[in-house]
Every structure is written in structure tokens, then in C-alpha cells.
Amino acid sequence: MHNIKMDNKMDEILLIEAVERYLKGEMSANEIAFFEEIRKKDPAVDQLVVEHTYLYHQLEKQANSKAFKHSLYEAENRLTEEGIITKAKLSGKAKVVFLWKKYKRSIAVAASIAGFVSIVTTALISSYNNKAGKNSIIYLMGQIKKTEKKIDQLDNKIKANSNQRIQTPSNPDYRATGFLIDGKGYIVTSAHVVNRMKSIYVENSKGEYFSAQTVYTDPETDLAVLKINDSAYKTVYNLPYSINKSNSNLGEQIFTLGYPRNEIVYGEGYVSAKTGNEGDSTAYQVSVSVNPGNSGGPVLNKKGEIIGIITSKNSSADGVVFAAKSKNIYKLLEAFKKAGDTTNIKLPNNVGLKGLDREQQVKKMEDFVFMVVGN
Amino acid sequence: MSNFEQERQLLEALALNDGLVIEGIYRDNYPMVQAFILNNNGNSDEARDIFQEAMIVIYEKAVSGSLELNCLLKTYIYSVCRRLWLKRLQQLNRYTNLIENVEETVAVEEDLEIHEKNNADFVIMENAMGKIGEPCKSLLDAYYIQKKNMQEIAVDFGYTNADNAKTQKYKCLIRLKKLFFAQYKNGQ
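Listed in order, the protein sequences are those of chains A and B.
61 is the number that this note's numbering gives to position 17 of the first sequence; each next residue is one higher, with no gaps.
1230 is the number that this note's numbering gives to position 171 of the second sequence; each next residue is one higher, with no gaps.
Bear in mind the hints are in silico, worked out from the structure with no lab data behind them.
Hints may contain errors.
Derived lysine to aspartate or glutamate pairs resembling EDC-like cross-links, with alpha carbons at most 16 angstroms apart [said to hold, decoys possible]:
id, chain 1, residue 1, chain 2, residue 2
1, B, K1196, A, D401
2, A, K110, B, D1077
3, A, K278, A, E296
4, A, K347, B, E1105
5, A, K346, A, E296
6, A, K271, A, D226
7, B, K1190, A, D401
8, B, K1237, A, E56
Pulled out of the complex, with its shape left as it was, chain A reads as follows (with noise of 0.2 angstroms):
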């Protein structure tokens, strides 16, 4: 270093903030003469500036190339409607199988309720006419929820004082997690979930809440889709990620967010199971932590594809929890067409979320997974 000691930070600062006025071409031309003959002068301050111009040069870089690649997904995604760009679709044979083991299923059910738990929040507030086995652990969890109540009604007056809009469901008795599969306001959540409510209500992570109603449920693979109707919400245009048709494979990594309390919760595992519950060929077997209230959750892979939906988890056995694949999606919403249904939901087919790091994937994930909670 020679005369001016760049240790100092303040003078790395004024000298950046020049250098980006000097790259942006904001200096006039007497300031831009003084900057050159300073550079000209201190072999230090002209290194700093050769640096900070690189550096600045390859943020630049890395922007565009990040606007460029978004403009190349909605091209794909365009074309992909226009049936321009195929992509792999699931084969005769695999629906056979499915249909075959979806028939196995029915049979097993019956046997598998005793073996798991599902993953819904329950305030059973006034079961006194409970066996007293079972009774120290019901209150114990009325005495988690009644707390957890006063919480959220606290919250909710902090959030009515800074003039936000809000729509308080009183006292809700159950929480799981859903999520938009259509701007619109389509969420899909868990059936065993939304069965147990009277009313429906939803909220977003900035705590905004919508009311919303049951349009289909499917017990069978546990999925519900509901539809917001408040006036309040608006309609979201490109939903970042898509919802995957074909099997993901053994080991893939996942993650998950969800509801388990007040707060939108990340987790990630992997799949470990190709089917779920007794060979339940609808669902995977997923290792990763999960607590009530994730039931309905998105599962998604790394490229931030949705893969499955959380519905339960097996209450003997740890870290072993069950989603739903994500085609039940499709083929729940191919039978309500069948029906004669005229919603016309659309399901998301984006790519927004691929190539980011897992930080961008989850920020820009969360937005659309909601709390759902209900009485």
C-alpha cells in the first residue's frame, strides 16, 4: 500500500460506491478525469478499482444470465403447451399396476388404522369422558393447544393493531398444511384433515387469512383440494414449480415445509420407500421429521418439483412417514372432470425453482403454503 492506506473501510466504501458510478457512466467528465488521474497516480486504489470492476462485472453477468434462463422456462413452458416440447409421460402399463395394487389397498386398509397415526393437530377440549389410560395424554396436548390459542390470539391482536387484514377463525380445533396448485386459489391439502372441520380457513406466511371451502376429497389416497373464496385474495399468476407426474427414485433428496406450530417449518430427508403403508403403491415412504400438523405438506425434489404430500407417519416405528404421490394429483383431478366438474383447475407446469440454491427454492416456495386451520 502506498499513500492512501485502504485498510480503512470507509475509503474501500466511497471508493466502490465511485467505481459503480464510473461503470454505470452516473460521473460527469470532470469527475470522471479525477477518478482516472487518482487510478493513474495510487497503484493500490487502482488495484481496488480492477477488482470491485470484475467483481461488479460478474454480478452483472450472473443477473443476466439468471433473467435469461427465466425467459428460457417460459418458453419451454409455453411450447410445452403448444405440444411443441413433450415431456415424459407415464406409460399404459404402469396405471395397470397402479389400479391393481389401489384394489389391494381397499383391503388393507381396514387393518393399517390401528398401525398409524394421522398427522392432524387435535384439541380435544372437553373429552372428559375419556378412559383414564389415555386421559393424561389428552389433556397434556388440550393444555399445548390451549397456550398455543392464547398465542395465536396475541398474535392475531398484534397483527389487527398494525392495520392488517384479518379474518380471525375462532379458536381453531385443527392445523395441517396445504398448498396452491392454481392461482386461482386451489390448495391442495389432506382429506383425513378438512373431513374434521366444520370451517375452513387459511393463511398464508406473511398471516393472512382466507376463508376457504372443500371442493373434492379423495379419502382413498388422502387428498382434498379447497378453494379460497374471499374476496381478499388475489389470484397468483406462475406458481414457481410444477407438480411431477412420473416415480421418483429411492434416495432422492427431498424437503418439505409445513405448519407443525404457528411458524412455516422446513425439513429435509430423502425417499426411502418406493411405496408407503403395507405396499400402498399410491404413496412413498419418506425419511424425514415431521409433527401433527404437517399432514398435507409438499414434498419436493431438488429441482423443486412437487413429488408427494405428507399424510402421515407410522406411531411405532421412527422416521418413517408416508406422502402421497404427486399423479394421484392428476388422476384425482381427471375422475372430478369425469363427474362433470367444471372448475377448471389447471395444474402448475414451472420450472422457476430448478437450479436455485435451496435458501431461493424455500423463499420462494413458502408464499404459496398455507396453514390450514379449523374447527
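Given the coordinates of chain A, assemble chain B onto it according to the supplied hints.
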């Protein structure tokens, strides 16, 4: 206007990230590339990946100002995709003798080397970004990548005014610079 001149204008528009031009290039060339990859041990998803990468190679070339392809765009795209696909097959150990119509190809190795260098630089930058921690990462991302203005950023990140946000941004940039060049020099 000659074909070359037309395509030169196409590349100029591509460098400006013109959605319609991108779509046009897909329409004119994608079926050819897909047929080639399907014929050679690949599936349609892989065809999409390869085509996408080829588009990025062309974009990088156009942005860097070398708009002379010295051949038709179609020939260039085919050559790049062919090269990329051969490499992919080798990596996957799925190499077979290529089945192809006798299409004209041109040498693209040099362009692909530049492309790989660019990719490596991006990875270094991503790593450096990953290491600077929050709120620096989001702050720099918001300004340099998402191109938000300082007022917006000040509001989003809870700074009292745009000047405070700006000072913070420059401090973050100094940290990024250190991390970036530490790795960059190692990588050379």
C-alpha cells in the same frame, strides 16, 4: 437481406433477452435436436436440458459480442447439442455409436470451453454468496440480481433510509469480494 444478416439480427435480439426471439429459435430448432437425442439413447427431458444449455451457449456468445457464427444458426445449434450430448453420454457411461442424419457440423469446442469457464465462475460466485451470511446475501441478491432499487430494499430489510441500506450493501460487497477472489485465485 442474406440469411447470415438475418441471423445476426436474431442474435442481437437474443443478447437482449427477447422472449419472442427465444421462442422462435425453439420452434425452428427444437424438433431437430429432440429427434437427435431420442435416436441416441436419450429421452425428452434430456433433450430439453441439452437444448437449454445450447441456448445459454449461444446467449453467452451473443452477449460477448461475437455474433459471427460463420454458419447457419441451425448448424451451430446442432453442433453444440451434438457435442454436449456426446459428453453427457460419456459421463453416464451410455456411449453408443451415434445414429444421425448426415448433418453438417462446425467446430464448437472453443465456445464450449468459454461456456464451461463461465459456469465455473458462476459456481465460485454462488459459493461466495453462500458464505457471506445474512442479511448480506439477500441484500446483494436484491440489489445486483433482482435489480431492486435502494428505497425498496431499505423498506424490505427495515433500514431507516436508503443511505443506511447503501452503506450496508457496500460493506457486504467488500466481504463478497474477499471470498470471491480467495476462491477465484485458488481455482486458477
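Structure-based check of all given hints:
| no. | hint | verdict |
| --- | --- | --- |
| 1 | B/K1196 / A/D401 | holds (12 angstroms) |
| 2 | A/K110 / B/D1077 | holds (14 angstroms) |
| 3 | A/K278 / A/E296 | violated (35 angstroms) |
| 4 | A/K347 / B/E1105 | holds (14 angstroms) |
| 5 | A/K346 / A/E296 | holds (8 angstroms) |
| 6 | A/K271 / A/D226 | holds (10 angstroms) |
| 7 | B/K1190 / A/D401 | holds (13 angstroms) |
| 8 | B/K1237 / A/E56 | holds (13 angstroms) |
Taken one by one, the earlier hints fail for this structure only at number 3.
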